[in-house]
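Dock chain B against chain A, hints included.
Residue numbers (numbering that gives the first Met the number 0), protein chains in the order written: chain A, 0 to 313; chain B, 0 to 313.
Some hints could be false.
Copies of one chain are not kept apart here, so a pair can be met inside one copy or by any two copies together.
[Unchecked claim] Below, simulated SDA-like cross-link-like pairs (lysine to any residue); rule was C-alpha separation at most 20 Å, straight line:
no.	residue 1	residue 2
1	K107	R264
2	K107	R128
3	K107	R215
4	K107	T29
Simulated from the structure, these hints should not be mistaken for laboratory data.
Number of protein chains: 2
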Amino acid sequence: MTAIGRATIEQAAARIEPFAHRTPALTCRTLDDRFGAVLQFKCENLQKVGAFKFRGATNAVRSLSDGEAARGVITHSSGNHAQALALAARDRGIAATIVMPSSAPAVKRAAVEGYGATVIECAPTLEARESTTAAQIEESGAVLVHPYNDPRIIAGQATAAKELFEQAGALDFVLAPVGGGGLLAGTACAASAWCPAARVVGAEPAGADDAQRSFRAGRIIPSTDPQTIADGLLTSLGDQTFPLIMRHVHDIVTVSEAAIVEAMRLVWQRMKIIVEPSAAVPVAALIEQRLDVRGARVGIILSGGNVDLDRLPW
Amino acid sequence: MTAIGRATIEQAAARIEPFAHRTPALTCRTLDDRFGAVLQFKCENLQKVGAFKFRGATNAVRSLSDGEAARGVITHSSGNHAQALALAARDRGIAATIVMPSSAPAVKRAAVEGYGATVIECAPTLEARESTTAAQIEESGAVLVHPYNDPRIIAGQATAAKELFEQAGALDFVLAPVGGGGLLAGTACAASAWCPAARVVGAEPAGADDAQRSFRAGRIIPSTDPQTIADGLLTSLGDQTFPLIMRHVHDIVTVSEAAIVEAMRLVWQRMKIIVEPSAAVPVAALIEQRLDVRGARVGIILSGGNVDLDRLPW
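With the rest of the complex left out, here is chain A:
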């Protein structure tokens, strides 16, 4: 396990500061009243590319030596990390290659290409993604930037919670969604450094509950056939994120699909901001009372806002 402490997170914060938004921390009295708590929402949906992923990608890209950077970066992703890496690479003026499954929506491919990256299609299986990526690395020497299982990524994601503590002060709880665990591990490391009294709780869909099962078992239990509308949370924990989560996270809770949709709509309706299903998962945990936050000060990382406006789940 690579320890990610205060100094590492501060270095990441300094590295990304010229490029990333310092996103607002918003409050909403209606939601406070509903849940009987003081909620502070860290709006990473308002981050560049619409997701916290830009923090980690920028920290990773900016951590490369000039020699490494000259070889370009590569990843396999059809989600927010793909856009994040594409923009982070463009900001540095280096090449980015994104391996995407042929099943990825055209709009996602266009977004990545819009940021100047090269998209390489592969068959829609994990094996094809990994072998296509490996072949590309072999050919071009590009540096792999994994979506979450990388200390530079985790340190970058940690900067969101660092800012939240600066903006909101001490908190009793910090909630974040968990897929591969980069955001949750980073959030927990930041809490450990800046607000050690805060309880850090991960939230995930019941239909993709590998993180809770892994957390309880004390070993990584990969996801098999996850089913959820929260398409950012389909991935399994990695050997870099899991030990940090075991060490610094207090609990992982699960939520129903209905609660995710209800939470998403609640945030849109009352806060006037667009969150994607994955980002609504911690709010769903409040709706389903998966933890007792009454009277507490609660930070919630709203992870992203990338949705298809023509296909809303209500």
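For chain B alone, kept in the frame of chain A given last:
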């Protein structure tokens, strides 16, 4: 004409500060690139009740003497001002009566009642609204708080632009939508006090272009049968807002309905925030190139975010 200068606006700001959000000023590189300008969006859609109207209503309610306040407040509105006045009154612990046309959507009535106000229905004509309101005032002695034609309201709305100048620094342009003119007049007064070099431009739907016609004619020409999706901009200028607009506003431009919908979707898609059609009108003016902002620093007041999520215009 009641002059509304720096001291008046600062008093309003101090009065509302404990109650209103200091909303964020957001930027978006994609939109900057598209319009060739540096845009600063003042997010009044993230204000309490989802609209700038809460500023003016709170300033008006907090300006009342204890004796006036004890009589309660009243207005006629089916829009954002109704919710704003209801919440501002509740914050002060006084009664609010809202006269609404029987044609108002049940959801709007429920929202107002949710803030503790009493709703009185009337026939859906301006005459019925005014006579019902007058009868209520006669009976209860409640203080009328007009949606826009009131210096306290205008001074309250001016605080949004004041904050924007504090957050964004000097601007070359400030754009705001114009209906009854409370927001535009307030914005222009704030610019006159804090950034006199800024050109203040109002934007309205071509289908409700009474403000542009009035501005050009130099006298108030009321709206007759306005047709637009921007339902917050159907009203006509008043004798308090019009002279301030004539004095401090540089131009009023109009936009098409198609551009309003395009602008609304553009903001949702790229900025991940929910704006209502009225709020999208200044962005529509950029889409239709109604003013030349290339290379300029442009402030845009995003006036509100109250939309029916089940009835989106795309």
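Going through the hints against the structure:
Within a single copy, K107 and R264 get their C-alpha atoms only as close as 23 Å, which misses the 20 Å cut-off; across copies the closest is 17 Å, which meets it. In the homo-oligomer, the alpha carbons of K107 and R128 lie at most 20 Å apart inside one protomer (16 Å), although the nearest pairing across protomers, at 50 Å, exceeds that limit. In the homo-oligomer, the alpha carbons of K107 and R215 never lie at most 20 Å apart, since the shortest distance is 35 Å inside one protomer and 46 Å across protomers. When the C-alpha separation of K107 and T29 is checked against a cutoff of 20 Å, the pair qualifies only between copies, where the shortest distance is 16 Å, while the shortest distance within a copy is 34 Å.
Checked against the numbered hints given earlier, the structure breaks only hint 3 and satisfies all the rest.
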